[in-house]
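Student: Given next are the chains, with one letter for each unit.
Protein chains: 2
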Amino acid sequence: MARIVNMTRDALGTLTHIVGEVADLQHASSLIEWDEQVLMPPGGAELHGQMTATLRKLAHQRFTSDEVGRLLETLTPQVASLPADDDTRRTVAATARDYTKARRVPAEFVAEQARTCSAAHHAWVQARAASDFSVFEPLLTKIVDLKRQYVDFHPKEAHPYDVLMDDYEPGMRTADVNAILATLRTRQVELIRALGARPQVDDGFLRVPYDEAAVYAFATEVITTMGFDFSRGRQDKSVHPFASGIGPHDVRITTRWVPGDPLSLLFSTMHETGHALYEQGVNPAYMRSLLGGGASLGVHESQSRLWENLVGRSLPFWEHFYPALQARFPSQLGHVSLEQFYRGVNKVQPSLIRVESDEATYNLHIMLRVELEIALVEGSLSVKDLPDAWRDRMQDYLGLVPTDDASGVLQDIHWSMGSLGYFATYTLGNLISAQLWDTFGTVHPERDADMRQGQFAPLLDWLRTAVHQHGRKFEPQELVQRVTGSRIDPEPYLRYLDTKYRALYGA
Amino acid sequence: MARIVNMTRDALGTLTHIVGEVADLQHASSLIEWDEQVLMPPGGAELHGQMTATLRKLAHQRFTSDEVGRLLETLTPQVASLPADDDTRRTVAATARDYTKARRVPAEFVAEQARTCSAAHHAWVQARAASDFSVFEPLLTKIVDLKRQYVDFHPKEAHPYDVLMDDYEPGMRTADVNAILATLRTRQVELIRALGARPQVDDGFLRVPYDEAAVYAFATEVITTMGFDFSRGRQDKSVHPFASGIGPHDVRITTRWVPGDPLSLLFSTMHETGHALYEQGVNPAYMRSLLGGGASLGVHESQSRLWENLVGRSLPFWEHFYPALQARFPSQLGHVSLEQFYRGVNKVQPSLIRVESDEATYNLHIMLRVELEIALVEGSLSVKDLPDAWRDRMQDYLGLVPTDDASGVLQDIHWSMGSLGYFATYTLGNLISAQLWDTFGTVHPERDADMRQGQFAPLLDWLRTAVHQHGRKFEPQELVQRVTGSRIDPEPYLRYLDTKYRALYGA
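Chains as they are written, first to last, in the working numbering: chain A, 116 to 622; chain B, 116 to 622.
No lab work stands behind these hints, which were simulated from the structure alone. Some hints here could point you the wrong way.
[As the list claims (entries may be wrong)] From the structure, some residues in chain B lie toward chain A, with a derived Cβ separation under 8 Å:
no., residue
1, 129
2, 146
3, 151
4, 154
5, 156
6, 261
7, 271
8, 346
9, 365
10, 398
11, 400
12, 402
13, 403
Glycine is no exception: its CB is placed at the ideal position from the N, C-alpha and C atoms.
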């Protein structure tokens with residue numbers, strides 16, 4: 116018995132060592148990509164591309180080596196007798212899961228896909244500039260073909276799209292998402308129509324000049340209060356805001372100034388800080404293992420949306436922060452009441468563009484994309500018919516029709532990167548955020564009173580314990596079940612939207 | 116024959132590919148180290164350390180693999196028929212040279228040395244803070260032992276120190292350095308004594324407050340004029356100034372503000388820019404090969420010292436730039452004539468501290484260290500006697516005696532990092548800078564007139580052609596010989612010092 120224990124320990128040590136080195140390579144790639152987005156001199160692009168390609172390739176080679184397979188074969192039966200929640204057992208399971216998936220896909224396919232996506236991204240940039248889908252169509256067709264090949268490398272699932280979604284949201288099935296979307300579709304469309312029938316709120320105070328540095332300083336004050344730890348993170352500017360974590364002790368967020376939309380910087384900073392707080396809260400023991408990082412993109416998005424919307428667009432939040440904002444911007448906001456301000460930052464206005472859309476319409480943008488992706492992957496829609504299908508659905512869901520491809524089917528970067536199966540995670544994030552919010556409100560009835568006092572530590576502490584610390588230890592549905600008592604469920608989010616926006620619009 | 120050519124091409128392609136990936140790993144380490152020095156949040160230190168350790172280890176493993184050995188065995192005879200200056204021949208030779216050296220040292224020794232240096236660095240920090248050499252002594256003793264073991268891994272050279280120096284200055288021998296130092300010793304000590312007998316220059320205008328941002332802006336103006344390409348580089352702040360190049364298209368320099376020494380920022384920025392211009396000028400075709408980067412630390416230092424001193428502390432340089440500096444600092448410099456300013460920034464003042472020392476005394480600091488290192492490595496001096504030996508030599512060379520270890524034997528970081536054999540490159544850099552300067556003055560008689568006009572393009576163009584483009588293609592002595600017509604020679608530098616400083620001090 117002692118011998119078996121020792122063998123396990125040796126195998127575990129070796130596996131931990133290899134996975135740690137793979138994590139180092141991946142962290143290094145992330146850091147180089149962060150550098151590229153934030154401060155790299157333009158001349159460095161080619162060399163950066165080569166560096167990250169090499170690092171990613173070596174990480175993949177090392178992780179998919181036969182040695183890892185043998186270690187997992189040794190370890191899997193050994194850890195089966197450990198408690199279901201044991202970290203070692205979960206680590207071995209997560210490693211086995213990723214290993215099995217990675218081994219199924221031939222290296223040649225990965226290289227072919229990388230080449231296609233590189234060409235597709237280039238074509239997409241051109242197509243969008245020219246607002247001409249036909250420029251992108253051949254490459255998107257190729258990407259969809261590759262995705263279907265990719266699906267074929269894996270065991271057959273109930274729906275081919277299951278395989279794609281599983282990469283971003285482990286365990287999530289097309290049937291689950293379809294059921295969720297079916298519930299959302301009717302109720303959100305109905306809500307938008309009801310709000311649209313009411314007088315629009317006035318957000319004219321946001322259409323006057325604001326000083327970028329002053330908004331930046333205010334946003335920094337807000338995220339400091341939220342609990343962002345600057346000794347374990349940074350804040351910078353980049354063209355597209357993002358959060359990048361290389362372990363809990365070095366988590367970096369970026370933001371940007373959007374001319375004509377002064378508070379975009381604040382809300383996107385709070386959004387990225389939501390991601391960052393999650394990363395900063397993961398158990399440091401998971402740092403170089405496959406339990407590091409977040410449970411899924413959906414759970415990650417639940418953290419960003421919770422802080423951006425459930426906190427950042429709530430009345431109690433602004434009861435605390437609005438006087439400070441008014442003091443910074445007396446000429447713009449001195450005459451604007453808290454109530455007017457709250458209504459203004461929650462204006463609902465169907466838009467053609469996803470990234471400009473509000474809380475109430477956002478899911479409809481996602482729904483449209485997910486439905487089209489599913490249709491493309493199952494073959495019921497062909498790429499050439501995509502622009503028409505897009506227009507039809509926009510008309511159905513939001514009552515708007517894009518007049519060109521740039522503000523329609525070409526607006527998102529995701530497909531050009533081969534990221535099919537990704538979009539649903541945005542909506543799942545919204546749903547989970549409301550479930551967590553309700554649960555926290557139940558266990559901590561002072562939730563809103565705390566916010567009015569600028570007290571965010573109880574919320575962060577609870578999220579740390581309930582969600583953050585676990586990293587990738589639990590699959591998303593399992594985690595949500597553990598914390599909220601039910602699986603991912605659209606009801607709390609729909610209830611939140613209905614209550615908030617019907618009150619706000621008197622609808 | 117065709118078959119052999121094809122085999123060579125295949126082997127060359129494979130070797131190029133492997134060396135390219137090794138370069139990617141090394142570039143990634145450099146970038147992560149840059150990040151660490153410039154902007155990493157403090158929490159990231161541990162993970163950064165793990166990342167770079169893994170990247171360096173994988174680079175070493177990949178480079179020292181048997182496969183690389185076999186490829187070199189195939190290629191070396193094949194490229195022997197190519198012209199001596201052929202890039203392919205030189206690439207194979209440089210790769211073989213590095214491979215042979217790297218293979219001689221067991222991985223266990225490398226790990227042991229890394230551990231010792233890590234402990235030694237820690238001990239050195241403590242020892243310096245306490246100004247107590249005895250805290251550092253046991254670890255320095257261990258480092259010297261390891262260095263002697265390291266020497267033993269290599270074929271016997273005329274002097275054991277040859278092996279150590281070769282890592283920083285390929286081909287340089289202890290006998291060469293001793294001969295150079297013998298010439299410098301008498302003449303530099305004599306010069307310092309002559310200057311010391313003359314009235315001191317007045318640099319009181321540097322002892323008043325200056326605005327850091329204004330000096331920074333001026334320094335940026337200067338290096339832009341020098342030709343630093345910001346589209347292929349960056350400038351940041353760090354605790355210790357340095358230059359870091361990951362290929363010619365991404366070269367980063369840092370600077371710092373030294374309270375009480377306002378122009379330190381300017382001169383150190385020019386110094387680092389000298390390094391950066393070298394890196395930016397290397398043939399881009401060498402980017403991921405072993406011909407990338409500089410020929411040696413000495414040649415690198417020749418570029419930094421040339422721009423810092425031969426340009427930056429010259430009268431013609433200030434004839435152009437002084438009016439702009441005066442305009443920025445009217446209260447500090449409005450009443451100071453160009454002649455007074457020029458004398459002030461060239462004040463000679465023997466100091467206990469190397470990094471604070473002036474052009475005329477700098478080599479004496481280096482000489483002392485090189486002599487002590489040679490004695491330690493050959494065993495004629497024991498580590499415990501080092502502080503006394505240091506004091507004796509300081510008295511001989513500079514007429515000063517440190518009153519404590521912190522301002523004496525403990526002042527430099529190098530030994531704690533295991534960098535024995537490094538110091539001589541500082542002096543070699545000074546010597547080469549004067550040789551290049553003289554040669555450029557001969558081929559381009561308008562050298563000083565150009566500077567008076569703020570025209571630096573002819574100088575940079577010449578350095579690009581003569582030195583920069585070649586990267587590591589030529590060994591240092593070979594390069595200096597090609598460009599100046601003689602090997603590394605102390606005479607031009609001694610002549611430069613004598614002429615400049617005897618005139619300046621009327622000595």
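Student: Please go over all the hints and tell whether each is borne out by the structure.
Tutor: Okay, the hints, checked on the actual structure:
Checking residue 129 (chain B) against chain A: minimum C-beta separation of about 15 Å lies over 8 Å; hint violated. Taking 8 Å as the C-beta cut-off, the interface hint given for residue 146 (chain B) holds, the closest approach to chain A being about 6 Å. At about 10 Å, the closest approach between the beta carbon of residue 151 (chain B) and any beta carbon in chain A exceeds 8 Å, and the interface hint on this residue is violated. Interface restraint check: residue 154 (chain B) against chain A, minimum CB-CB distance 7 Å, threshold 8 Å, status holds.
Checking residue 156 (chain B) against chain A by beta carbon gives a least distance of about 5 Å; that is within 8 Å, so the hint holds. Hint status for residue 261 (chain B): violated, given a least beta-carbon distance of 25 Å to chain A, over 8 Å. A distance limit of 8 Å between C-beta atoms decides the matter here; for residue 271 (chain B) the minimum to chain A is near 37 Å, and the interface restraint is violated. At its closest, the beta carbon of residue 346 (chain B) sits 5 Å from a beta carbon of chain A; the interface hint therefore holds under the 8 Å criterion.
With its C-beta approaching chain A no nearer than about 3 Å, residue 365 (chain B) sits inside the 8 Å limit, and its interface hint holds. Using the Cβ-Cβ criterion of 8 Å, the hint placing residue 398 (chain B) at the interface with chain A is not satisfied: the shortest such distance is roughly 14 Å. Here the hint on residue 400 (chain B) is broken, as its CB sits about 13 Å from the closest CB of chain A, past 8 Å. Satisfaction of the interface hint for residue 402 (chain B) is found here, the shortest Cβ-Cβ separation to chain A being roughly 7 Å, below the 8 Å cut-off.
Proximity of residue 403 (chain B) to chain A holds as hinted, the smallest CB-CB distance being about 7 Å (cut-off 8 Å).
Violated hints, in rising order: 1, 3, 6, 7, 10, 11; the structure is consistent with all others.
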